[in-house]
Amino acid sequence: MYNNNNRYNNTNKQHGNNINNSNNITIKITGGGINPQMNGRDFTNFIFKKTRYNLHNWQVPPQNQQLQGQFYQFYGEVNSKNIAQQLCSFSGMLKYNNINPPLRFEQVQNSNTNTNAINSFSSNTTSGAGKVLNEFVMQRYNPTAKMLNLSNYIQDPVLQTTGLLNNTTKLTLGLLKIVDLLQKNNGIIIETLDLSGNGFKDLSPIKDLPLIIPNLVNLSLSNNMISRSALFGIHWKNKFKKMRELILINNPMCSSPSFQNDLMSAFPKLILLDSQIIRDETKVNTLYNILPGTTPVEAGKLKQFFFESEDISSYTTQFLGNFFKLWDDQMNRNQLISLYQQESQFSISVDSSIPPASIETSDQHPNFNVYNNLNRNLNKLPMSSSQNTKNNRIARLYKGNIDIGTAFNQLPSVKHFLIEDPTNYSIQNVKYSSINGMVISIHGYFEENGDPLDKASMPKSSGGNTKRSGRYNSYSHGTSIKYGKKSFDRTICLIPGDNGIPIIVSDLLNIRSHVSAAWNYETPKPITPPSSASSTNMNTAMPAQNEILIANTPQEKEQLCLKVQQYTKLNQQWAIMLCEQSNWNYELAIRGFNSSVGNIPPTAYQ
Amino acid sequence: MNINQDSVEDKNTGFIDLCVKKILLHLDETNNNTKLEEFNNFFIQDLQNLKIVYNTVPYNDSVKFITDWYSRGPATSHSLESFDYHVIPGLGNVVVSISCKCKFDESGNDKMGNNVNSNTNVNNNKRPLYGSAFGVSIQLVLDGNKLIQQKSLNNVIMALNYCIVYKPTDSLVVV
Numbered sequence: 003m004y005n006n007n008n009r010y011n012n013t014n015k016q017h018g019n020n021i022n023n024s025n026n027i028t029i030k031i032t033g034g035g036i037n038p039q040m041n042g043r044d045f046t047n048f049i050f051k052k053t054r055y056n057l058h059n060w061q062v063p064p065q066n067q068q069l070q071g072q073f074y075q076f077y078g079e080v081n082s083k084n085i086a087q088q089l090c091s092f093s094g095m096l097k098y099n100n101i102n103p104p105l106r107f108e109q110v111q112n113s114n115t116n117t118n119a120i121n122s123f124s125s126n127t128t129s130g131a132g133k134v135l136n137e138f139v140m141q142r143y144n145p146t147a148k149m150l151n152l153s154n155y156i157q158d159p160v161l162q163t164t165g166l167l168n169n170t171t172k173l174t175l176g177l178l179k180i181v182d183l184l185q186k187n188n189g190i191i192i193e194t195l196d197l198s199g200n201g202f203k204d205l206s207p208i209k210d211l212p213l214i215i216p217n218l219v220n221l222s223l224s225n226n227m228i229s230r231s232a233l234f235g236i237h238w239k240n241k242f243k244k245m246r247e248l249i250l251i252n253n254p255m256c257s258s259p260s261f262q263n264d265l266m267s268a269f270p271k272l273i274l275l276d277s278q279i280i281r282d283e284t285k286v287n288t289l290y291n292i293l294p295g296t297t298p299v300e301a302g303k304l305k306q307f308f309f310e311s312e313d314i315s316s317y318t319t320q321f322l323g324n325f326f327k328l329w330d331d332q333m334n335r336n337q338l339i340s341l342y343q344q345e346s347q348f349s350i351s352v353d354s355s356i357p358p359a360s361i362e363t364s365d366q367h368p369n370f371n372v373y374n375n376l377n378r379n380l381n382k383l384p385m386s387s388s389q390n391t392k393n394n395r396i397a398r399l400y401k402g403n404i405d406i407g408t409a410f411n412q413l414p415s416v417k418h419f420l421i422e423d424p425t426n427y428s429i430q431n432v433k434y435s436s437i438n439g440m441v442i443s444i445h446g447y448f449e450e451n452g453d454p455l456d457k458a459s460m461p462k463s464s465g466g467n468t469k470r471s472g473r474y475n476s477y478s479h480g481t482s483i484k485y486g487k488k489s490f491d492r493t494i495c496l497i498p499g500d501n502g503i504p505i506i507v508s509d510l511l512n513i514r515s516h517v518s519a520a521w522n523y524e525t526p527k528p529i530t531p532p533s534s535a536s537s538t539n540m541n542t543a544m545p546a547q548n549e550i551l552i553a554n555t556p557q558e559k560e561q562l563c564l565k566v567q568q569y570t571k572l573n574q575q576w577a578i579m580l581c582e583q584s585n586w587n588y589e590l591a592i593r594g595f596n597s598s599v600g601n602i603p604p605t606a607y608q
Numbered sequence: 137m138n139i140n141q142d143s144v145e146d147k148n149t150g151f152i153d154l155c156v157k158k159i160l161l162h163l164d165e166t167n168n169n170t171k172l173e174e175f176n177n178f179f180i181q182d183l184q185n186l187k188i189v190y191n192t193v194p195y196n197d198s199v200k201f202i203t204d205w206y207s208r209g210p211a212t213s214h215s216l217e218s219f220d221y222h223v224i225p226g227l228g229n230v231v232v233s234i235s236c237k238c239k240f241d242e243s244g245n246d247k248m249g250n251n252v253n254s255n256t257n258v259n260n261n262k263r264p265l266y267g268s269a270f271g272v273s274i275q276l277v278l279d280g281n282k283l284i285q286q287k288s289l290n291n292v293i294m295a296l297n298y299c300i301v302y303k304p305t306d307s308l309v310v311v
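Here the protein sequences come in this chain order: A and B. Residue numbers in the first sequence follow my numbering, run continuously in steps of one, and reach 608 at the last position. Residue numbers in the second sequence follow my numbering, run continuously in steps of one, and reach 311 at the last position.
Simulated from the structure, these hints should not be mistaken for lab results. Errors might be hidden in some of the hints.
[As the list claims (entries may be wrong)] Label pairs and their computed distance ranges (CB to CB):
#1 B:Ser215 <-> A:Glu362: 14 to 24 Å
#2 B:Gln286 <-> A:Asp456: 55 to 65 Å
#3 A:Arg43 <-> B:Thr170: 53 to 63 Å
#4 B:Ser215 <-> A:Thr163: 21 to 31 Å
#5 A:Thr481 <-> B:Tyr266: 31 to 41 Å
#6 B:Asn168 <-> A:Thr170: 29 to 39 Å
#7 B:Arg208 <-> A:Ile279: 33 to 43 Å
[Claimed, not checked] Covered by chain B, according to a simulated footprint, are these stretches of chain A (three or more residues, beta-carbon under 8 Å):
#8 159 to 168
#9 583 to 596
[As the list claims (entries may be wrong)] Simulated pairs of lysine-lysine, DSS-like, Cα-Cα distance not exceeding 27 Å:
#10 A:Lys392 <-> B:Lys158
#11 A:Lys271 <-> B:Lys157
#12 A:Lys51 <-> A:Lys97
#13 A:Lys382 <-> B:Lys262
#14 B:Lys262 <-> A:Lys433
#15 A:Lys305 <-> B:Lys287
#16 B:Lys158 <-> A:Lys244
#17 A:Lys285 <-> B:Lys158
No residue lacks a Cβ here, since even glycine has one placed at the ideal position from N, Cα and C.
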């Protein structure tokens, strides 16, 4: 049978291969093209493309699989018996890579006995083998050094009782599962791991280590029997981002002429190999840190906001809060039209590219069809193209508040989360001196939740086209509209208008696939931009460091309320109300105030 | 929308498209002094009005920005995914919004051609090995009048905001 060595296969939620469900039905697939070297992801994608059914917890046949007849067996799971039956109906109908014979699908009875072999003990750490392993790992863990010493565990008599000492692969997987659980549940941190003297011939028992301890800094695999240094490149290339030191002495591969080169290729940030310095650490850290004004140790400090000066920071956040509040209220979105004038312009461009699947939250199947007739992505509308394309360049640029209002009604109902989830929004804002205004760029996400008010220009769904039917003639994927989350970049040029109401001169909205943000959210504090450009502070709404941002005790609440009053000038009753609505979170309270300042009655102020 | 009324402006729009692509290409330049000088000439030399924000770090000096850009980090490859622009009436300024992907060279070479593996023969070739894509959003304000008049990019970039909006987890580059 097969072992479940892709238990930790990937972290991509969209294509998760780790779906644990006791009702899962295992499907065995045999046929041409299935072999231990195949790409399991490609194969399951092929199955999905042809059958529209996803296989989970799939398993590429291992090298040493006992062949039954002529072909290797690929195993995967589906969620229900019904899907399993549907999938089996494709048996004999599909050829993978056009190789004969066609694929055969069969349901496997009593599937859970093997797939959850590791879980059977590891998920229960209070009794049986799971308990023994748990105690063993904790005994070998040194919290001060953040080190886990798993050297020579295959000969440790403590593990005798698990009955797994004769099955190193299972034992290793079990230990890794325990490590995974301890990190998640007990918060243990491992930076150094010693796996020496365990008789590993290759990396297959521990190839998922980067998924379990991705931040490993030091690793020892000395005194094993690893014969090929190229394996590190095959399994672990670029996987350990922080790996600094490797100890691999007393392995057959050490005598290979390509040993050091293979290791340097596999670990581009490796500094020490068998206690020898192989790279200049300062050079490495400098090379891969692209943020100016930061030292290599501060890498990963992309900030969330930039405002050219203090006066425009509070104005901007307040303006955007109000703007998106009205934008999200589809029935009242047209109230925003008063901000646009006869010469104002608005357009939408869609960046339909797919972000890398390695990003944990990234939509790999975005649907932008609702924007098809509004999309002015000039990269897709080149001047050299047809007259129709040129016309679209002009027609999809909305000028004047009447046209802009029409365009607003053609956009779906959406919800932005500036108040509920401020960490996912980034703003840059500079003064635009030629017009005495400013340019605001905001990056973030919204959730589509309903059709546009004006459905006339929505792309026609081909679902109703009775002339096209059947599996091969249906083009419904092309125009079907699905709503979901989208990321966006919006560039707004503002100039001052009468009575302090700003005028939007230009409004460029770029919509792209939903993906988690790159910037790093830190608790609000004054951010002082580096010396050039402007030396003013960012946002008056941001309290100083070490001040109370989230209040729990009555004393803290009192202080927080005073601080909110100080900023908002609200009277006590309204300030308490605001704090309560914001769960006594200063940041949320100030943002809430900024976004609804227009609706607060004058009597609410001190 | 009256298409005829816009036909004069229409003649120049193709040129603006080219300029956007040219600016992206210059971001990918490596150690070539002529090209760097050319890129520096794109920016207006009025330091009071020049606004450059690179990943929330402000510059008001294009030389400093370009020096930092070329002396820091590995070589890049920007691919344009979408862009759109508006010409501000009256002023003739062009506000551009660009969405692109940026991949970094992970071969160990920096933009000057120095390799962190220089003591060995690992990856010492100059061929870049690009990693996973970062998402980049760029906003530009260009002096449209000058751009059309001189048909070149000299002294036209009034503002540049370069912001990484998403990052892959499997890249060597950290932001």
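For which of the previously enumerated hints does the structure constitute a violation, in increasing order of number? Failing hints, ascending: 2, 3, 4, 6, 7, 8, 9, 11, 13, 14, 15, 16 and 17.
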